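Based on the provided sequences and hints, a complete structural model is requested.
Protein sequence lines correspond, in order, to chains Z and P. Heads up: the first sequence begins at 1052 in this note's numbering, then just goes up one per residue. Heads up: the second sequence begins at 1052 in this note's numbering, then just goes up one per residue.
I should point out that these hints are in silico values taken from the structure, not numbers from a laboratory. Mixed in with the good hints, there may be bad ones.
What the hints assert, rightly or not - Okay, the calculated beta carbon distance ranges per label pair:
(1) Z:Cys1310 / P:Ile1257: 57 to 67 Å
(2) Z:Asn1179 / P:Met1142: 39 to 49 Å
(3) P:Glu1209 / Z:Asn1179: 51 to 61 Å
(4) P:Ile1281 / Z:His1166: 30 to 40 Å
(5) Z:Gly1304 / P:Asp1160: 51 to 61 Å
(6) P:Glu1305 / Z:Gly1304: 39 to 49 Å
(7) P:Val1064 / Z:Pro1053: 37 to 47 Å
(8) Z:Lys1495 / P:Glu1209: 56 to 66 Å
As the list claims (entries may be wrong) - Computed from the model, here is a short list of chain P residues facing chain Z with C-beta under 10 Å:
(9) Glu1184
(10) Lys1288
(11) Ala1375
Stated by the list, open to error - Simulated pairs of lysine to any residue, SDA-like, Cα-Cα distance not exceeding 20 Å:
(12) Z:Lys1288 / P:Met1203
(13) P:Lys1174 / Z:Gly1341
(14) Z:Lys1496 / Z:Leu1511
The structure displayed is predicted, hence computed values, not measured ones. We put the beta carbon where it would ideally sit given N, CA and C, even for glycine.
2 protein chains.
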Amino acid sequence: MPKIFIKEQHKEVAYSPGENLLEILVANDIFVDNPCNGKGLCGKCKVKVLGENPTFISETEKKLLKKNEVDSGVRLSCLVIPREDIAIEIMQKETNHQVLTTGYVPTFDFQPAVHKMVFELKKPTLENQMSFEDSICNVFGAKEMDLRLLQMHRIAEETITGVFHGEDLIGLEAGDTTDFIYGVAIDIGTTTLVTALIDMKTGAEIATASMINPQKKFGLDVLTRITYEIDNPENSKEQLQHEIVKAINEMIGEMCHQCNIDRKNIYEVSIAANCTMMHFLLGVDATSIGTAPYSPVFVRAKMILAKEIGLEVAAGAKVYCLPAVSAYIGADVVAGAYVGQLQNVQENVLFIDIGTNGEMILSNHGELLSCSCAAGPALEGMNISAGTRAAEGAIEDVKITESGIELKVIGNQEPIGVCGSGILAAVKELIRTGLVRKNGAFIKKEMLDTSDYRYDMIQLDGKKREFVLKSSSEPLIITQEDVRQVQLAKGAILSGFYVLLQQANMRINQLDKVLIAGQFGAHLSADNLVGTGILPEEVSDKLVYLGNTSKTGAYMALMSVAVKKQIEELACRMEYIELGASEGYEKIFAQCLIFPG
Amino acid sequence: MPKIFIKEQHKEVAYSPGENLLEILVANDIFVDNPCNGKGLCGKCKVKVLGENPTFISETEKKLLKKNEVDSGVRLSCLVIPREDIAIEIMQKETNHQVLTTGYVPTFDFQPAVHKMVFELKKPTLENQMSFEDSICNVFGAKEMDLRLLQMHRIAEETITGVFHGEDLIGLEAGDTTDFIYGVAIDIGTTTLVTALIDMKTGAEIATASMINPQKKFGLDVLTRITYEIDNPENSKEQLQHEIVKAINEMIGEMCHQCNIDRKNIYEVSIAANCTMMHFLLGVDATSIGTAPYSPVFVRAKMILAKEIGLEVAAGAKVYCLPAVSAYIGADVVAGAYVGQLQNVQENVLFIDIGTNGEMILSNHGELLSCSCAAGPALEGMNISAGTRAAEGAIEDVKITESGIELKVIGNQEPIGVCGSGILAAVKELIRTGLVRKNGAFIKKEMLDTSDYRYDMIQLDGKKREFVLKSSSEPLIITQEDVRQVQLAKGAILSGFYVLLQQANMRINQLDKVLIAGQFGAHLSADNLVGTGILPEEVSDKLVYLGNTSKTGAYMALMSVAVKKQIEELACRMEYIELGASEGYEKIFAQCLIFPG
Chain Z
1052 MPKIFIKEQH KEVAYSPGEN LLEILVANDI FVDNPCNGKG LCGKCKVKVL
1102 GENPTFISET EKKLLKKNEV DSGVRLSCLV IPREDIAIEI MQKETNHQVL
1152 TTGYVPTFDF QPAVHKMVFE LKKPTLENQM SFEDSICNVF GAKEMDLRLL
1202 QMHRIAEETI TGVFHGEDLI GLEAGDTTDF IYGVAIDIGT TTLVTALIDM
1252 KTGAEIATAS MINPQKKFGL DVLTRITYEI DNPENSKEQL QHEIVKAINE
1302 MIGEMCHQCN IDRKNIYEVS IAANCTMMHF LLGVDATSIG TAPYSPVFVR
1352 AKMILAKEIG LEVAAGAKVY CLPAVSAYIG ADVVAGAYVG QLQNVQENVL
1402 FIDIGTNGEM ILSNHGELLS CSCAAGPALE GMNISAGTRA AEGAIEDVKI
1452 TESGIELKVI GNQEPIGVCG SGILAAVKEL IRTGLVRKNG AFIKKEMLDT
1502 SDYRYDMIQL DGKKREFVLK SSSEPLIITQ EDVRQVQLAK GAILSGFYVL
1552 LQQANMRINQ LDKVLIAGQF GAHLSADNLV GTGILPEEVS DKLVYLGNTS
1602 KTGAYMALMS VAVKKQIEEL ACRMEYIELG ASEGYEKIFA QCLIFPG
Chain P
1052 MPKIFIKEQH KEVAYSPGEN LLEILVANDI FVDNPCNGKG LCGKCKVKVL
1102 GENPTFISET EKKLLKKNEV DSGVRLSCLV IPREDIAIEI MQKETNHQVL
1152 TTGYVPTFDF QPAVHKMVFE LKKPTLENQM SFEDSICNVF GAKEMDLRLL
1202 QMHRIAEETI TGVFHGEDLI GLEAGDTTDF IYGVAIDIGT TTLVTALIDM
1252 KTGAEIATAS MINPQKKFGL DVLTRITYEI DNPENSKEQL QHEIVKAINE
1302 MIGEMCHQCN IDRKNIYEVS IAANCTMMHF LLGVDATSIG TAPYSPVFVR
1352 AKMILAKEIG LEVAAGAKVY CLPAVSAYIG ADVVAGAYVG QLQNVQENVL
1402 FIDIGTNGEM ILSNHGELLS CSCAAGPALE GMNISAGTRA AEGAIEDVKI
1452 TESGIELKVI GNQEPIGVCG SGILAAVKEL IRTGLVRKNG AFIKKEMLDT
1502 SDYRYDMIQL DGKKREFVLK SSSEPLIITQ EDVRQVQLAK GAILSGFYVL
1552 LQQANMRINQ LDKVLIAGQF GAHLSADNLV GTGILPEEVS DKLVYLGNTS
1602 KTGAYMALMS VAVKKQIEEL ACRMEYIELG ASEGYEKIFA QCLIFPG
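Here it is, written out as structure tokens:
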């Protein structure tokens, strides 16, 4: 079989000719960014083919790649079908990603479902041959023992600790172990997984771990992964579940190792995730989420055995999955709404979680309306020509001044691209400085005086105007198309905002607070949100940033039975509005596309 | 690797030298009877080594085998350690076994836990994106859907049938399938497995299947299998469970095939078994049953998912395991007591299930006392020199007349051995004709006149007297040791009988009825039971035969929620008396050894 040599990883993989290069690399767990999942659309799956270039160059590649890239051997791996030995260089590096694991936590009483009781067990005698189960049930007042406990335990000790989940006996440990109860709170994002190991005796977060969602190899966004599921009906559900479960098991292992804790002492795992990720996690068909009428298989909270999905914790451990409202208002958003205290507020509060989808919940004196806007991945740095995720080397802020362009780069490195907050800052600056007009178009270069400090910032690529973010041998450019992507995101989010207000018969000045949730939202400053018109000027002093509310909600549910109940009630109270089906939506959307200024 | 050729099966198996022949054969699923599980004690695992005999003959073999057997190449396979290619002949044939699948069934109301409801499902719309789970829960009034149902089902049809177990939704089927509900009732005996496929709409038994318990390869009786479990701690629990589950799956397949029914339509399996078999079935450690104080891991009834133990039926199907009382009063006996209506009787009734253990329950005006006597396997034809199981060729009845010995043989074949009912009949006849004295010893041949019709029936083997059941080139003999085995069984059972009466302060003539349960008990006639003194003369006209009450009890539990509850209450009401620990037991036992006459 021919081989592919991956230079900088010192790896080689053998392959059977026929598959494209991207498929071969992904199958061998070699990461290549491919937002469109190998459809030849996004132009992100670049690799450099080394040596004499043996591969045919397609028209699509010529269109999506720059000429100097083509000349230096860069190809789109999804369009290369190798036939012989080749050597390549992977162009994206998997860099340390910036993930926020902290955030606002409201005060609440700890009353976890998991608790322990210690007891002395009487030994059976010839006169009283009481079974092990009966002895245990008698001392603990339990109704019966789970089969798994009967299968596992041969406890000869007389001192024994029973682990309970509510009234159910879920574990037995020899000796007195009442001091050791652990749980895990998890936020499964489409992009990022965040886990926290919790000492359930004290409620303290004693370790955290995070990683990029390994399902990325099946596509970067929810819809691409659903498409993968549809295209591979024989085993995709198992694959998608396996990837996420494996990753969680690894992170739990890492945290337990840090704290020198046995994973068998973890008795509950509490999980928030969007609706699709929750379906994938539980091995449930998510395809109906991908097409109208977007009816998911389930939205209710679930309490299952960790073993049922393959999580490696205590044998009797439970997994609590927070409830969702609809296909696009997932448990992550419900968790956020709970952390934002929407179940209690009597004020008018808008909760917003900005990501690929912008989810919003409006509390109108306690009445809850929700919607989800297809913002697209632009605000996360995707679908942007120089876009990159928020990792080292990403431009996260931009200032245009008379003396030039100031860039703030994560890790203070040489910039390699622009992430979500960076593109938003850049567009805001383009609007502020008048380089981009209200309709989203770049101004004509000839309208500027050559002495204008902005003159050199605009250049022409053929007939297309573009903004030079950084000029060098490898320039970073913001194209007209990039601005359009941000504009579409803005239109989607702002129109959702107005539809909710309209439905609630509320004026903007009646809003008391706007809560910004999500680890991504935390990087979007009020200046940039208002400056690009994603949110209207009137709310600029009402913004409150909550951080990763999804993980916080999972943590609170883990630590309290009452919180679980309240979160479930909250999910039931939220009404969901499908924007596309709401009256006059197209008109509102068109108006919302207009930039401020 | 050297090979073993099995002549009549036209099979050959390769092996690594080191293991004994029995181990090699068992590992290759070739049946060799080995009651002592390869300990070189029982002398039953005979094989004939063909050709020049290449194997060393041990002293044990010389003792346990007859000279003409040794000369013709017969060896005990557990004592042969082959080193090269050999050809053998298996001496026992696996013959059709005689299993009783019918018996007395008291009338009762059908109210199975499993039931179905048909409904029309509304399709989701863009305005009402209700999840699949919510739609289902709404129409069926269910609280939530099991994860397995969410994982499995993608029902596009609008007509849908919900399968319920009590209030739990356990299955969904497309269309209206309310006419098809099936269940299975099972009796797991140490020796025999009996299954029945039940149409739960009508309560009719529509198919049956039975087979020898495949765990026999780990020993013929409970204690030998427990010893196997102890000796092989790494995987014996899994092996023992696997064998029984595989066998049940095969029988279910066979019954479904007979009736042209899909096994996925079976929603409940109800199982009675002795305590050890139930532990093995559920993959629970049974070793504590093997040693004092005989405390099992569990005795309570269990309702688990069929999937948890690997039964191949509907994905959401449940398994109900009937409750036991103690290590040696298992769910099979509780089932029998229920079928014998011990929960209701106001009379004085003795229930007795005769097998390797004789289990007895005495109802003293509704108060229930139970005990278990170690009768040994003699009454099942084991531990008897010419013993065989109740299969074709087994002598099942014996009459001694002045004109000779009349034998009744199963299948009307040439006799190959004597089964339980046969050995009992033979001993009864030996007592009746005075050939065996009250103390169990054969009379001296010299006490008989040479003209006596009994003269030729007694012969001497060295100094030992023995009874010639059939004289021919391959004679069938009943030895003094065989009579002793029956005597021990008699002593064990009768002493249990008296201890129960004593505990209840009851005289024999106060007994109203004696119920004989079990497929084996059904073959033991009142004449033989009383004639050998296993039961006293006074009860001979009070015997009632119930047949396989274990399976019947499982069937009744399957068909009624109320029966399940009553059986569980019955088990709780039974007091268990450990004979060995009861006062003056040795003396009673010694008295009970005396034969009548």
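Practice problem: State the violated hints by number, sorted upward, taking the hints as numbered earlier in the document. | Solution: none
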